[in-house]
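Student: Read off the chains here:
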Amino acid sequence: MKVVAICGAGVGTSAILKVNAERVLDRLDIDADVTASDVASLAISAADAQVILTSPELVDKIGPTNADVVVIENYFDLDELEVKLEAALG
Amino acid sequence: MPLPPLPDAAITLGVRASDWRDAVRLAGEALCRSGATRAEYTERMVQLVEDFGAYIVIAPGLALAHARPGPDVREAGISVVTLSEPVIFGHPHNDPVGVIIGLAVATPDAHVTTVAELANVFNDPRTIPALAAASDANEVRRIFALDSDTVEEGEPAR
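First to last, the sequence lines map onto chains A and B.
Counting along the first sequence from 1, when you hit position 65 you're at 65 in the working numbering, and nothing is skipped either side.
Counting along the second sequence from 1, when you hit position 147 you're at 147 in the working numbering, and nothing is skipped either side.
In short, the hints are calculated from the structure, not lab data.
None of the values given here were measured: they were computed from a predicted structure.
Take the hints with a grain of salt, since some may be wrong.
[As the list claims (entries may be wrong)] Away from chain B, derived, C-beta distances all over 10 Å, residues of chain A: (1) Gly8; (2) Val11; (3) Asp26; (4) Ile44; (5) Gln50; (6) Pro56; (7) Glu57; (8) Leu58; (9) Lys61; (10) Val83; (11) Ala87; (12) Ala88.
[Said to hold, decoys possible] Just some of the chain A residues that point at chain B, by a computed CB distance under 8 Å: (13) Gly63; (14) Asp68; (15) Tyr75.
[Stated by the list, open to error] In silico EDC-like links for lysine to aspartate or glutamate, alpha-carbon gap of 16 Å or less: (16) A:Lys84 / A:Asp29; (17) A:Lys2 / A:Asp33; (18) A:Lys2 / A:Asp26; (19) A:Lys2 / A:Asp31; (20) A:Lys61 / B:Asp51; (21) A:Lys61 / B:Asp136.
All C-beta atoms, glycine included, are put in the ideal place defined by N, C-alpha and C.
Isolated chain A (complex conformation):
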């Protein structure tokens, strides 16, 4: 199971999303590899990903993908992350 968190720079916001996604996946007892990436290298980093986590602002920047695109509004709301990740992976 692979999850990619993306942002514009690949450092900063995607890293926060990665850290909190790992916490939630742990809570859900789901074994997944979570990486942080930037939009520009998404085609490579998300080639085999099941889920792409991102901001509503970046959805349009994501090209065609087979992954589920999960949009997170509040990166610090672990309950929002849990509900949305569970729906995507469950």
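Once you've looked at the hints, dock chain B against the given chain A.
Tutor: Only chain B this time, still in chain A's reference frame:
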């Protein structure tokens, strides 16, 4: 590496910003003043939003202004800016923004632990309102648990 220190120079409280660019620049100037970055980094933080939109507004009322590591980063640093009047960044859910955190990291790998610490601080929903209401730098450092008298161990409960 824990969070970088938050010297007084990196904290700007209760100021006015005319728009989101101004707000991001205030966070960049604070990083500059504290010695973490050069002026070019500030403009790269603005450019990131020009290029990708208001995605740096990652929670209600909070923007994490940052850019990629580069030669304009002297050392890892964070800055804190609070606005007397929150401004609109153009985010569909999290506007308006009253608290801006500036983040500079020196290398792509070094940032992970810094960011994990930031997540620890902000996963507590009381953090953003507490920062917005903070009246002096010591209070800000207490919220980040960077105050030397009250160093907390481990993660906040949640």
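Student: For every hint, state whether the structure bears it out.
Tutor: Hints versus structure:
1. Gly8: 4 Å, violated
2. Val11: 5 Å, violated
3. Asp26: Non-interface label stands for Asp26 (chain A): nearest chain B Cβ at 12 Å, farther than 10 Å.
4. Ile44: Answer for Ile44 (chain A): holds, closest chain B Cβ roughly 15 Å.
5. Gln50: The claim holds: Gln50 (chain A) sits with its nearest Cβ about 22 Å from chain B, beyond 10 Å.
6. Pro56: 5 Å, violated
7. Glu57: Nearest chain B Cβ is 4 Å from Glu57 (chain A), so the label is violated.
8. Leu58: 5 Å, violated
9. Lys61: 7 Å, violated
10. Val83: 15 Å, holds
11. Ala87: 18 Å, holds
12. Ala88: Per Cβ check, Ala88 (chain A) is outside 10 Å of chain B; nearest 19 Å; holds.
13. Gly63: With a closest approach of 15 Å, the Gly63 (chain A) hint is violated.
14. Asp68: 19 Å, violated
15. Tyr75: 4 Å, holds
16. A:Lys84 / A:Asp29: At roughly 15 Å apart (the allowed maximum being 16 Å), Asp29 (chain A) and Lys84 (chain A) satisfy the hint.
17. A:Lys2 / A:Asp33: 5 Å, holds
18. A:Lys2 / A:Asp26: 14 Å, holds
19. A:Lys2 / A:Asp31: Between Lys2 (chain A) and Asp31 (chain A) the Cα gap is close to 9 Å, so the pair holds against 16 Å.
20. A:Lys61 / B:Asp51: 10 Å, holds
21. A:Lys61 / B:Asp136: With Cα atoms ~40 Å apart, Lys61 (chain A) and Asp136 (chain B) exceed 16 Å; violated.
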